[in-house]
Each structure stands twice: as structure tokens, then as C-alpha cells.
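Student: Listed in order, the protein sequences are those of chains R and S. This note's numbering applies: residue 1 is where the first sequence begins, and numbers increase by one. This note's numbering applies: residue 1001 is where the second sequence begins, and numbers increase by one.
Treat the hints loosely; a few may be bogus.
Only some residues are given here: those of chain S computed to face chain R with a beta carbon under 8 Å [claimed, not checked]:
no., residue
1, ARG1067
2, PRO1103
3, THR1112
4, LEU1124
Please keep in mind that the hints were generated in silico from the structure rather than gathered at the bench. All of these numbers come straight from a predicted model, not from anything done at the bench. No residue lacks a Cβ here, since even glycine has one placed at the ideal position from N, Cα and C.
Each chain, letter by letter, is given below.
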Amino acid sequence: MAPATPHPALRDPAWSGRLFWALTGAALLVPMLWATEFRPWILFEPASLRSSLRFIAEFFPPKGGREFLALIAYESWRTVAIATCGMALALLLAIPLTLAATAVLSVSALPGRMNALPFVLRQAVRWLLIVLRSVPELVWALVFVRVVGLGPTAGVLAIALTYSGMLGKVYAEVLESGENHATIALLRNGSGRLQAFFYGVLPTNAAELTSYTIYRWECAIRSSAVLGFVGAGGLGQQLITSLKMFNGAEVSTILLVFVVLVGVADWTSAKLRQVLA
Amino acid sequence: MLDLSSNPGLRIELAALAARHPAAASDAPAALKSLTLAVAAGEQVAVIGPSGAGKTTLLQAIACALRPAAGRLLLDGEDPWSLPVARLQHLRGRLFLAPQTPPLPPRQRTVTSLLAARLPRQSLWTSLRSLVYPLGIDEAHEALQRFDLAEKLWSRVDRLSGGERQRVGLARALVAPAGLWLIDEPLSALDPTRAAMAIDTLTGAARERGVTLLATLHQVDVAVARFPRIIGLREGKLAFDLPASEVTRDHLLRLYAQHEHELAGAPPPGTDDRPPPPMIVCR
């Protein structure tokens, strides 16, 4: 028989810390549930069940018809275009910001601590990224709709700004948490920062960066739907019109198109990762 | 092709140099304690000693990868740490530090990994062009040939075996525009035949070009047989600094006291300092 209390040296020293943080996490979650008036059982009351079932029943069958489908095809194409152009612009902004923000490419940090000036500059770039992504794309879209008028251009600009903030932040983090042995060796042997980026950082992290970029492209497709609600064009504008007219059949066709688009993004990501693996 | 005149060997002087690993606490004992030695341009030196003696730290300190905690390092009579960052980086381009684990991105091709060693003397534009179509294929091929790897020129690095990867890491030195080679444990993944060939290639190429060569070695017999000068390190201090012909069995026994198994051959498992394994990022 083993003794009930093991020898102190054989007790897991991490256990009390783990228990403490698990309980703290649970204790923090409870007031948040209050704040969100989280009462899921309302969903299953007969009255709400009836009304939601009625709404969902209207979804079937999805609306077809040559004219409507042609319109939807055209708007889907515009949605993909908005997302793609927005992402392209976001990348143009995010890549230089990533290079400026990431500590992996710091030459002064090689022997230990980063110098003061590069540290301040990197922090400044990080704050710029925070500002860019903390303003929701919906707000940017409302601003740009006033500047450039109703239409896809406002959507493209809104996605470009918010997404450059997100991409820049996550790219910088991917690079910092990734394996950077090769990069450090290049910098230690006298390469420039950009040379180290192209010969060390990029080949090491290409798959990770690609899959995140495609995931963000997928998010951009979804978010262009929301942007359509405020008049920034694309499938979203069609969706809000159908919703306002309580036309469930049209709504379900549009949603099906979204499912297909997200599926295509997923498939592209898997294929590209295979190529880069 | 190989421009011999552009690679004059670097001269090294250490004056009471102390250094500790950047991750170590500032009150931890230094890995190198007050080391004084000089290496002339074009000299070939093997650094031996038991695990944890500070061999890798010594190479890193000379490579300007570690700032000395005390004392001074002079490269060609110049204190690198008094230079502005840009000039220090230029100086780093004149030395080549080969870590024990070859720093090769897994998805890169061997040819690109090799040509990466030339980056310090290339403009950004040239190095980008070289990514589109490699510039200096013949130079890379020749370097690989000297390590008996010519057929791996176009292979991806992650398709190579551990020993092949290590030899690619060494072949990089031949391509680098450096006047000082600092090679950490060049033979750790090689069988005896390959090891002899690799060390002959390194010392031979260094002699041809007049490059200064400093290598840490676990294989004491190889060090004594192939290097004219041997430095013994123990607990961060200089145990001896002698011409190879004057190193006796007695010196070695004292150097490796309590570490006799390392003197006999293989290092004990788990004592070599490898980089941390790559982390997986989930988002």
C-alpha cells in the first residue's frame, strides 16, 4: 500500500499554482456571464421556439431563378473582390509594419538587450498597429462611405486599415514565437535585417504565415458582408435588403453562397500548406 | 571565383575577458572567467575541455554574439563593442560563426542555405535576385564538393541526414566572405571517416586562404592530430595553451578530471546545448 500523503519531494510543485489559476479564471467568468445577461434557457421557451422556427422555415427552399442567381453571382464576385483588394492593401501596410515591429530582426538585441532607440521605435509601431485594429472595420466603412460615397471602395479601404493592424500584430508574434535559430545565425554573421528576413525568417515561417493570411482572407469575406449593411457594396448589401423584407428564401441562398466561399478559402489554405510543407 | 586577397585572417586578442550567457542571472557565475589569450592572423587553434567548460561561450564572445561582462576583446586591434551598431554589423560580416546545430531553415534548398553565407558582402537587391535565380551556383557547388555533398546541391535541407546537414553548415564557411572561422563542434554528427575528411577540408581551406580558424572539439585525438595549437578550457578558465606537440596525456587527464568518459569518446547524453525545439503557434 502506498502512503496516503506522498513524500514532499514527490509532490508536483506546480499543482497549487494550477489550481489557483483555474479557480481565479472561473471566478472571473461569473460576473461576465451576469454582464451579458446570459440566460440560454430562454431559447427553449415555447414562444421563442415558435417564432424562431417560423423564421427558419421560411429559409426553405432557397430562392433560385435565373435572374436572382445572376445577381447573386455578380455580388459574390464583388464580395470576393472587396475582400481580396482589401487584403492586398492590408498586406502592403502590414508587411513593413511587421518588419519594424518584430524583435527577431533586431541587430542591437543580438548580444542580449535591445538598445533604447530601436526599442522605442518598435513600441511605437506596435501602438500604431493597436490603433489600426482597435477601430472596427464597420466604423472605418461608415467614415469612408461619407468620403468616397456608397459602394465597394469604402469596404476595401475599411478592410485594409483594420486588417493591416491585425496582420501586423499576428505576423510579428508568429515570427517571434517561431524557431529563429537560422535568422539569428545570419544576423550574427553580419547579414542585414532584410537579408535575414528573406533568407532566414521567411523560409522558416512561410507555411504558418500563409495559413494565417488565408484565414484572414476568409474573415475579410465575412466582414465584407457586414460592411455591405452600411452600404459598402457586395453580397452584404443584398443580404440586408432581403433581411429587411423578411425574405427568408433569399437570405438562405445568400448564406449558402457564404458557406461555399468559406469552404473554398479552407480548401485553398489546405492546398497551399501542402505545397509549402 | 575565390578571391584570396579579400579574406585576410583576423587577429584575436582577449584581455581578462569574462562572459556569461545572456539568459543567465547577472549574479550567476560567469561561463568564462578572466581569459587572456592572443591568436595571430591565419593561426589554427582547437579549443578542448569537458562539457560546460565555456567552449561555446568563448566562440560566441569572439564572434561578437555576446557582450563581455568584463575585460576586453580586440579583433585586428579594434574593440568591436566601441563601434556603432552599423560598423559592428559590418565587422560581423568578416567573421563566420558556425553553431553546433547547423542553422538551416528546413524548407530551404541547400544551394540557398549555402549562398546565405555570402549575404554580408551582397546588396539587398543582389540577394533578392539570388532568391529568384541563385547567383554563384558554381561557388556553392565547389564548396559542397569539398565536403563530398555535390549531389545535394538542389535538395531541400530537411531531406538531408543529420550528418549531411552538419557538413552543409561547415561548407557555408567556404562560401562566407570571412577572415575568421569560429566553428563549434564541427564533428558531433559525423562518423570517424567523414569527421577526418571534414576537418582536413576545413583546416586545408583555412590555410589556403589565410583565414584564422578556431574550432571547439570533443574529439581530443582529432584536435591534437590536426591542429598546431591546443587551448584547454576548464570551468571557464584557461587550463593550458600549448603547441599540439607539447600536449601530454597528463595534461588531458587533468583537463578532463571527473569527466573521463568524454576524454574516452562520446559526450554524455543531454549535455550539449541545443536551441529550444520549435514551438507550435495556434491561433
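Student: With chain R as the partner, please determine if PRO1103/S meets the hint condition of a C-beta pair closer than 8 Å.
Tutor: Since the shortest Cβ distance to chain R is 3 Å, the answer is holds.
Student: Answer holds if the nearest beta-carbon of chain R is closer than 8 Å to that of ARG1067/S; otherwise answer violated.
Tutor: holds, 4 Å
Student: Does the closest beta carbon of chain R sit nearer than 8 Å to the beta carbon of LEU1124/S?
Tutor: holds, 5 Å
Student: Closer than 8 Å between Cβ atoms is the bar; does THR1112/S clear it against chain R? Give me holds or violated.
Tutor: Where the cut-off is 8 Å and the nearest Cβ of chain R is about 7 Å from THR1112/S, the hint holds.
Checked against the numbered hints given earlier, this structure breaks none of them.
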